[in-house]
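Enquirer: Next come the chains, spelled out residue by residue.
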Amino acid sequence: METIAQREAEIIEEFSFFDDWMDKYEHLIALGKELPALSASLKVESNQIKGCQSQVWLHATLEDGGIRFEADADAIITRGMIALLLRPVQGQPPSAVAAFEFGFLDPLGLTAHLSPTRANGLLSMVKQIRLYGVAFQAKRG
Amino acid sequence: MNLSDIRAHFPILRREVHGRPLVYLDNAATTQKPQAVMDALVDYYGGYNSNVHRGVHQLSQEATDAFEKVRLQLQAHVNAAHSHEIIFTKGTTDSLNLVAHGFRSMLSKGDEILVTQLEHHSNLVPWQMLAQHSGATLKYVSMDGQGALNMEDFHAQLTAKTKILAFNHISNALGTINPVKAMAAAAHALGAVVVVDGAQALPHSAIDVQDLDVDFYAGSAHKMYGPTGIGLLYGKTSWLEKLPPYQGGGEMIAEVAMEKSSYAGLPHKFEAGTPNIAGVIGWGAAIQWMHSVGMDQIEAHEHELLQYGTALLEAIPGVKIYGKAPKKAAVLSFNVAGLHPYDVGTLLDQMGIAVRTGQHCTQPIMDEFGIPGTIRASLAAYTSKEDLDALARALEKAIALLS
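Just so you know, the protein sequences line up as chains A and B, in that order. In this text, residue positions in the first sequence follow this note's numbering: the first is 1, and each later residue adds one. In this text, residue positions in the second sequence follow this note's numbering: the first is 1001, and each later residue adds one.
Since the hints were derived computationally from the structure, they do not count as laboratory data. Please note that a few of the clues may not be correct.
Unchecked claim - Mimicking DMTMM-like on lysine to aspartate or glutamate, the simulated pairs with C-alpha atoms at most 25 Å apart in a straight line are:
1. Lys1397(B) / Glu45(A)
2. Lys33(A) / Asp1296(B)
3. Lys1397(B) / Glu26(A)
4. Lys1161(B) / Asp1213(B)
5. Lys33(A) / Asp1349(B)
6. Lys1397(B) / Glu63(A)
7. Lys1397(B) / Asp23(A)
8. Lys43(A) / Asp1367(B)
9. Lys1397(B) / Asp74(A)
10. Lys1320(B) / Asp74(A)
11. Lys50(A) / Asp1349(B)
12. Lys24(A) / Glu1016(B)
Bear in mind the structure is a predicted one, so any value in this text is a computation, not a measurement.
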């Protein structure tokens, strides 16, 4: 399996082809449309991250030593961001997830989406992803 | 003053956002500041900075004179009977909390506080807190599908039990202009106190608190071309004398002994501590600027643009405007069928258009419409038809990208 760092590099490479903001957002919107919807049984309040602007749902399970994340949102651009944020950490071991900084957003010019003022639930989702890393690490002991 | 003269007073309107000219349409959140306001702040800090009402020295005298002159300006601006009826606060929220807190000892179980479904959280939560503290009951006046208050419901809910009627002059989320004078008269006939949140009305039209006959009227400088962190509470003398002080400290006392102090007279009883002197002085420059344009001209200009913008947006397939009350101020709250307001707002931002998206601190309104929020374009004296054209073009582009 590729490491988190390898997947980060792939995403940066993928976005380097976009010349302007429109291409970039078109791609983000396409990613948002492709993200599989979370099943209704998981779209519950305990998995919900309330943002003032958009709502996010995040669920995680430990499978074969890696964390499997499933997430959804009510806004498409937020869904696109979720697809991006999950790609490096999907299936990775808890210790790697717990330590991940999501630094690849900076070269992508998408860091603003994690700003607290956006209140879109993504910043809390990132924190929650790391917390799952910490929690599953502790569980495995 | 013509529109290009007006726009020339605002240096920020010349900047770019994401490489495009700024189109600022978030004026209901805060307006931009004319050069005269920034000059007044620099003049104060660079020329006569000192504390007010304290020293015998020249600087303190100059600062006090400039500070108190703004109280007189505001008195004239809202046509208060006395200058001591103008209390300086941190802003509308602070003003409303001051009043709600003051009534804690005057309300009890069985009393009712009447608010409306149109309220901003700042004119809702302080009354919820007062109700919780005093045992009084909080009741709501509902709105109709156009975003106007349901007046039949208002008259049904307003009873002899109603001790306080609190509502906004203009809704920040929908732009609805409420019939303040008629509502105040009905409330007074039943002995209720009338508290009006005027944050959205003060920037757009001339206000006459005596003609409206309200007991309290609150507003913020930063929504009327002035600095942040400063606002006003107008109160009728009789009510301001009845209300206890809100905060203790310097300047609000007449005599202090270790056990008990006697309070200063109005307005100082409610202005504990060193006030936001620079903010007040900057606000004075903002009011002067508004009058140099003319309140009637501002109101007429915004009304014309509201009609222009409404027609532009309604011509775009899928756009639905929320808030279509017969009397409405310069706010365009809308959604696009099938699209989330956050997605649209994010793409508009990329095109240099500053709008607000979300609930606008008015969750009860959004719940009533059953929507997660709206996109809100709000206008000001410097808004141009070109701004609205840019919004419409950007909106069409955003819709194409998202569909």
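Enquirer: If a hint holds in the structure, say so; if it does not, say that too.
Expert: These are the hints, each one checked on the structure:
1. Lys1397(B) / Glu45(A): 35 Å, violated
2. Lys33(A) / Asp1296(B): It is violated: about 49 Å lies between the C-alpha atoms, which goes past 25 Å.
3. Lys1397(B) / Glu26(A): This hinted pair holds, its Cα atoms lying about 11 Å apart.
4. Lys1161(B) / Asp1213(B): 21 Å, holds
5. Lys33(A) / Asp1349(B): It holds: about 21 Å lies between the C-alpha atoms, which stays within 25 Å.
6. Lys1397(B) / Glu63(A): 43 Å, violated
7. Lys1397(B) / Asp23(A): Given that 25 Å is the threshold and the Cα spacing comes to 13 Å, the pair holds.
8. Lys43(A) / Asp1367(B): 20 Å, holds
9. Lys1397(B) / Asp74(A): 21 Å, holds
10. Lys1320(B) / Asp74(A): 19 Å, holds
11. Lys50(A) / Asp1349(B): 22 Å, holds
12. Lys24(A) / Glu1016(B): 20 Å, holds
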